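Read top to bottom, the protein sequences are chains Z and P.
If you're matching positions, the first sequence starts at 17 in my numbering and goes up one per residue.
If you're matching positions, the second sequence starts at 2 in my numbering and goes up one per residue.
Keep in mind the hints are simulated off the structure, nothing from the lab.
Quick caveat, the model's predicted, so the values are computed rather than measured.
Check the hints yourself; a few may be wrong.
[Claimed, not checked] Below, simulated DMTMM-like cross-link-like pairs (lysine to aspartate or glutamate); rule was C-alpha separation at most 25 Å, straight line: (1) Z/K249 to Z/D203; (2) Z/K196 to P/E47; (3) Z/K148 to P/D157; (4) P/K23 to Z/D56; (5) P/K23 to Z/D107; (6) P/K23 to Z/E103.
[Claimed, not checked] Computed footprint of chain P on chain Z; a stretch qualifies when at least three of its residues, placed anywhere within it, have a C-beta under 8 Å from a C-beta of chain P: (7) 88-98; (8) 106-117; (9) 189-196.
[What the hints assert, rightly or not] Here are a few chain P residues that sit away from chain Z, every Cβ distance over 10 Å (derived from the structure): (10) I32; (11) R103; (12) S151.
Using N, Cα and C, we set each Cβ at its ideal position, and we do this for glycine too.
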Amino acid sequence: MHSVTLYHWEPNANSGKPMLALMEKGVAFESRYLDLLNFDQHQPDYLAINPQGTIPAMLHGERVLTESTAIMEYVDEEFPGPRLMPEDPRDRWRVRWWMKLMDQWLGPSFSMIGWKVFVGPAVRSRDPGELKAAIERIPLPERRVAWRKAIYGQFSQEELKESRRRVALGIRILEQELAKRPWLASDQYSLADINGFNLAYALPLSQPALSNDELTPNTLRWLRAIYARPATKACWAMGRTSMVKRVTILEQPHIGPGQVT
Amino acid sequence: MTLYHGEPNGPSLAVLATLFAKEVRAELVRIDLESGQRHTLPCAQEPQVAMSVEGEGPVLVVEGEAMTDSVFIACYLDDVGQGAALRPADPYGRWEMMRWCRQVTERTAPAAAYLGCRAHPPKADAALLERIGSVDVRARWEQITAGQFSADRLADSQTKILQAVEKIEARLDARQWLMGAFSIADIESFAWLAGMVPLVPAAFAGKPRTREWLERVRVQPAVAQALSLARSADPAASWSVGPEINRWG
Numbered sequence: 017m018h019s020v021t022l023y024h025w026e027p028n029a030n031s032g033k034p035m036l037a038l039m040e041k042g043v044a045f046e047s048r049y050l051d052l053l054n055f056d057q058h059q060p061d062y063l064a065i066n067p068q069g070t071i072p073a074m075l076h077g078e079r080v081l082t083e084s085t086a087i088m089e090y091v092d093e094e095f096p097g098p099r100l101m102p103e104d105p106r107d108r109w110r111v112r113w114w115m116k117l118m119d120q121w122l123g124p125s126f127s128m129i130g131w132k133v134f135v136g137p138a139v140r141s142r143d144p145g146e147l148k149a150a151i152e153r154i155p156l157p158e159r160r161v162a163w164r165k166a167i168y169g170q171f172s173q174e175e176l177k178e179s180r181r182r183v184a185l186g187i188r189i190l191e192q193e194l195a196k197r198p199w200l201a202s203d204q205y206s207l208a209d210i211n212g213f214n215l216a217y218a219l220p221l222s223q224p225a226l227s228n229d230e231l232t233p234n235t236l237r238w239l240r241a242i243y244a245r246p247a248t249k250a251c252w253a254m255g256r257t258s259m260v261k262r263v264t265i266l267e268q269p270h271i272g273p274g275q276v277t
Numbered sequence: 002m003t004l005y006h007g008e009p010n011g012p013s014l015a016v017l018a019t020l021f022a023k024e025v026r027a028e029l030v031r032i033d034l035e036s037g038q039r040h041t042l043p044c045a046q047e048p049q050v051a052m053s054v055e056g057e058g059p060v061l062v063v064e065g066e067a068m069t070d071s072v073f074i075a076c077y078l079d080d081v082g083q084g085a086a087l088r089p090a091d092p093y094g095r096w097e098m099m100r101w102c103r104q105v106t107e108r109t110a111p112a113a114a115y116l117g118c119r120a121h122p123p124k125a126d127a128a129l130l131e132r133i134g135s136v137d138v139r140a141r142w143e144q145i146t147a148g149q150f151s152a153d154r155l156a157d158s159q160t161k162i163l164q165a166v167e168k169i170e171a172r173l174d175a176r177q178w179l180m181g182a183f184s185i186a187d188i189e190s191f192a193w194l195a196g197m198v199p200l201v202p203a204a205f206a207g208k209p210r211t212r213e214w215l216e217r218v219r220v221q222p223a224v225a226q227a228l229s230l231a232r233s234a235d236p237a238a239s240w241s242v243g244p245e246i247n248r249w250g
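Please put together the full structure from these sequences, using the hints given.
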């Protein structure tokens, strides 16, 4: 069998999706940690692998794969191990629908807030000339805009307000959906749950007024159930920053409004 | 099952063509997507309809469940229908197709809908706009019906169409279809780009392989059958509010 190499950042958002899918399938892979905050993803050696400079990317033998959600479907189909897509075609549609909502509608709003409070401040104090050069090296124009806004604190009040509205609405519809069935998109654990956990694992910590055991009991049940899986524990242990250590909030047996420690 | 669809263009064309290619029997119900009629359906307020990232696309109702998003409905139809598969058989080929379709729906489709709506504006009255469950979809409707198109976004949309055609032209080197065999990628890409030929002619200039491919897709029996349902002289001029232009990174 060909070897698998995964270029990734923290077990969080897009990087965490193929990491957790590989670990759920029991696929051994070589981990190549790219420090997003050090702009490793825009260095020539990585751009030779993924010219768009986005993380993650996966090598499987000679194959180079990008786009985290599409990579997850590949991982599920290519390797033996427990199936992470349901058999029923309509269930599969539901998995994909939810992943797209999270990837393209809800995720970017979470991400904007995360970049404002974590990524921007983490890199802002560096040498201004170095930062400017680092931004200019970013291949995709929309990513250049994203980094510029994060580094220089240029998010408008209006766009932050819209992101907060989407986060609040997303939390409500996730809760409604999780009241219908044990997992997000079907009666079995699937790629939709892996995708969703990467987005929402720190929800009771980052949005305590909107997500807690009283307001969103099904979401908390779901997050704890995913966190209890050995693959999730092993995956999050690969994290190096304080950001992903927030996952331990899920070890608290009950989280009420304002009870986050 | 029931398929609510609009004129055969964009996502409605993609789903109709897939349905016919896979010989899936469904009741076809025409709705006027350009006047926002989708928001009068009984399922309009369900999250999977109201919050569909695709915008004003078709809705397939199966056993009471409303399904949206043309690529994923097409995957469903490919699973349940008859005849030749519309996705590659091997996992790598399927990854290539899903990645291709993701780029089409995330980068090409918002640009095409933006340019299409400017050239052929959809119209919804104020009472109907109020029924739209999603705040951001409603905001896009309000901007379009007020004729508010930004120069930056128009220019960016033209660039996105140009880039999409360049990708197709390169991809068709020594192949007839984008994924080797005729697939959902051909249907979805054609459905969003057919209407761009008159609106962004520069994108198609000097792109002989893309032009030939457009004609090959157009005469595929399932695509031709879908196009034959048109009620207007030029269904490729029929546009409604599409996916959001990337708002963050």
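So, going through the hints one by one against the coordinates:
Proposed proximity of Z/K249 and Z/D203 is supported: the alpha carbons are some 22 Å apart, at most 25 Å. Between the alpha carbons of Z/K196 and P/E47 the distance comes to roughly 14 Å, so the proposed pair stays at or under 25 Å and holds. The straight-line distance between the Cα atoms of Z/K148 and P/D157 is roughly 23 Å, inside the 25 Å bound, and the hint therefore holds. The hinted pair formed by P/K23 and Z/D56 fails the criterion: a straight-line CA distance of about 46 Å is larger than 25 Å.
Distance check on the hinted pair: P/K23 and Z/D107 sit about 19 Å apart at the alpha-carbon level, within 25 Å; holds. Taking the CA atoms of P/K23 and Z/E103, the gap is about 19 Å. The hint holds against a cut of 25 Å. Only when three residues or more bring their CB closer than 8 Å to a CB of chain P does the claim for the stretch 88-98 of chain Z stand; here the count is 4, and the claim holds. A count of 7 residues in the stretch 106-117 of chain Z with a Cβ less than 8 Å from any Cβ of chain P is obtained; the coverage claim is therefore met, three being the minimum.
Coverage of the stretch 189-196 of chain Z by chain P holds in this model, with 3 residues showing a Cβ closer than 8 Å to a Cβ of that chain against a need of three. The claim that P/I32 lies off the interface holds: its Cβ sits roughly 20 Å from the closest Cβ of chain Z, which is beyond the 10 Å cut-off. Annotated as non-interface, P/R103 brings its C-beta within 10 Å of a C-beta of chain Z; the closest such distance is 6 Å. A cut-off of 10 Å between C-beta atoms confirms that P/S151 is not in contact with chain Z; the least separation is 15 Å.
Checked against the numbered hints given earlier, the structure breaks hints 4 and 11 and satisfies all the rest.
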